[in-house]
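Colleague: Here's the letter readout for the chains.
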Amino acid sequence: MTVAITETTQERTRPRTGLRDFVRRNSYIVALLLAVILLVANLVVQPDFGWVQQFATFAPLAIAAMASTPAILSGRGGFDLSISPLMTLCSCVFIVFLIPNGLGDPLAAIPIVLLLGAAVGTINGVLIVFLRVPAMVVTLAMYFVLIGVNLKLIPTPQSVTGTWVSYLAGTVGPVPGGLVTIGIVVAIWVALGFIPYRRLLYAVGSDDAAAFSSGVNVSAIRIVAYALGGLFAAIGSFALVGLVSSADASQSSAYTLIAVAAVALGGTSLVGGRGGVIGSLIGAAVIYLLQSLLSGMQVSPTWLQFIYGVMLVLSVVIGALLTMKKKESA
Amino acid sequence: MTMTAVDRDVLIRTTSLRKAFGQTKALRDCSFDLRAGEVHAIAGENGSGKSTLVKILSGVHQPDSGEIETGGELIAGLANPRQAQQHGIVTVFQEILVAPARSVLDNIWLGAERPLRADISAKEKKTIAAAWTERLLGAPLDLSMPAEDLSLSDRQACCIARALIRQPRVLILDEATSALDVGTRDRLFEVIQEMRDNGAGVALITHRMDEIEAIGDRITVMRSGQTIETLERGAWRPRQIVALMSGTEETDKPRREDREAAPSGPVVLRAENLRLHRDGAAFDVDIHAGELVGLAGLEGHGQQEFLEALRGAGAAEGTIVRVTDAGEVPIRSIAVGARNQIAYVPRERGRESMFGWMSIRENFGMPTLRTDAKGGWLRPSSTRRRLMEYVQRLGIVMGGPEDRITTLSGGNAQKVVIARWLAAHPMILLLNDPTRGIDINAKRDLYALLRQLTDEGMAVVMLSSEVDEHIDLMDRVLVFREGELYREMPAGELTRTSLVSAFFGDPEEMRDQETAS
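First to last, the sequence lines map onto chains D and L. According to the working numbering, the stretch in the first sequence is residues 1 to 330, in order. According to the working numbering, the stretch in the second sequence is residues 1 to 517, in order.
Hints listed in this document are in silico derivations from the structure and should not be mistaken for laboratory results. Heads up, some of the hints might be wrong.
Examples of chain D residues lying across from chain L (beta carbon under 10 Å, computed) [stated by the list, open to error]:
| hint | residue |
| --- | --- |
| 1 | 152 |
| 2 | 155 |
| 3 | 190 |
| 4 | 224 |
| 5 | 274 |
| 6 | 302 |
| 7 | 306 |
| 8 | 307 |
| 9 | 309 |
Nothing here was measured: the structure is a model prediction, and the numbers come from that model. Think of the CB as a built atom: it goes at the ideal place given N, C-alpha and C, for glycine as much as any other residue.
Same shape as in the complex, but just chain D (with noise of 0.2 Å):
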């Protein structure tokens, strides 16, 4: 039996532009409306909503989701579990090392405690790249040493009060003072999109078999993303002091896994390449107007726990839904 050959036929791409492939290119657009509505809901059960309190309390939970984004993008079992405990490092640092010793002052004490940030995060991405243990294992051995650390070096809350950072909690000029932490690293995400380095990131994540043969320095990209994820924890260690005025090591996993929540709420892929740091602020609005709504409607706290984990695995269901391909033929 023979078979002439036959030629394969000419299959063109045909753009595409249902709501399906919208909600697919924008992952965070369920939790966008999630927390639009729960924005309205918000003021109509609050009518003094308290604008500059309510940032200043969400800033470093915002900080805390956005900077666990970068190591997720990055793909390949990406991870940083150690964000949180880092945040309150750079707290103890600043509080008990910069201070007393007269670097409190913005000047020395911004690129000592971002360096110091940046620094942590680029431990845990030289162990994940070099010595491929998995991302999980690596800042989950590095959370444990961060909060061994910061009870070592402050066995019991220390708090701070008169210094400039107290202005982070209130209005810095007009704007308040969460605002403008959140919007610092916001603009330091929408930078990197000016340069290859963002693209780049996204590539890796999305396949790294392809950025490597393409000639791209994996290794590099995925180092970086844990740095950029400790100079974001470092930031938003300033809205913490700013927030709660003091440094407590005792809390030091207290962002940990709702921070991960926000970013699998804010559509940010845990398998990387897909999401990004926008969704994952926009995931944690979901959560802190959630949380402020419960509290505002004098519902007990018992059940906010149970409410996240509900909304979190609904919001994901319902993204995977939209989402969800046709069955093709094969």
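Following the hints, position chain L against chain D.
Modeller: Coordinates of chain L only, in the frame set by chain D:
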């Protein structure tokens, strides 16, 4: 090495390259050169070392020994694809390497820029990318579309455009045309000819002899990790190439063992209207009791999908029917297949079929534990007893049944895996390249076992990447090509030449057809 006039035209040259992966010697002695202004085809059957050579030239692998000379200087090796690209060597691989979530534009410029500075303006990038995609596809393409939304052919075109924007001195196309539709391929060939005229060198690896005929200036034939011969255009004939690829001295080597008559047992398994991929032609195949059917072809041409389909897995369209005296059962899933006496031995022993930290006994008994559980309690002694039967029958050499399976040699481990499935008393045994990486004696034992099993009435379907195995062993060979069943060859028609020739679409025959028409 002295520099002659010809040498100045050599863009890249390799001398006596060697590369081994564990026990497997992928390259034994590879000497190849690519001149400026030529399209140099590299041909060879599975495992001849083409891919390893390409991966060394593009910086994915580093050679164990041997020399690479490029741009007049000797280099030890290329540490990574980035370094290869700095030498002007750019490769398009067979695997379609795109970042699925990213836009066409990002995919085309992927890796062409340093991370920190955009050297080229966004507008210029768009213009260049648009020009190349339009040139290749014959129509403009929306550059903002994510690569995952593109058709297979357009995705591959994206990878090719990524190579072309770098204006390489050396362009390597490793089976890069196999996913392209005909129009795009023809347009690519125009581009290649233009590049050649402008002094670039193109290395073309393809399974299509007609493509080599169309644009090849020279051809290098590889076999068993060695470069066998390099021929100038006009000095080769397709039949000669096929002979070189399959090994001249033994081209018409007769079958080692001959069975008196082709077995004619009843049909036990039937593929009806099977289509391995969307554009492929549908076909029917009957598998008879007592016959040994070989699945052959160049790697990735559909034989794998066919075997998967037979066990009830995979995405092929059509029906697989298990025929018994009791009636016909459509096999719609792996579970249904297993219930209907279809056993499957996967390709990757390590990953797909062995539990490395478990004992030989546990590895053997896994799917048939039910028979060892009297009243719900497992009795290892019962598994051991069953295992010992097969140890004797298959000649498994081992310490004791409680030793870890990883203490066995590859061949013995494979026998344990096969014993595992024989213990389920299958009627149809599907094997996916079972002799890969096992020594020659273990292979012989396995061949004898398969003969014995078919004599007892079992139907055996075996995918093999070794040409000799098909010739020596099979009652019938199905050759797959480009996702379709290309030819069915009875034992009497099997020679190395006829089989390898079929892998490549019978170039001689095709040419005869052309001259006739």
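Colleague: If any of the earlier hints don't hold here, list their numbers in rising order.
Modeller: 1, 2, 3, 6, 7, 8 and 9
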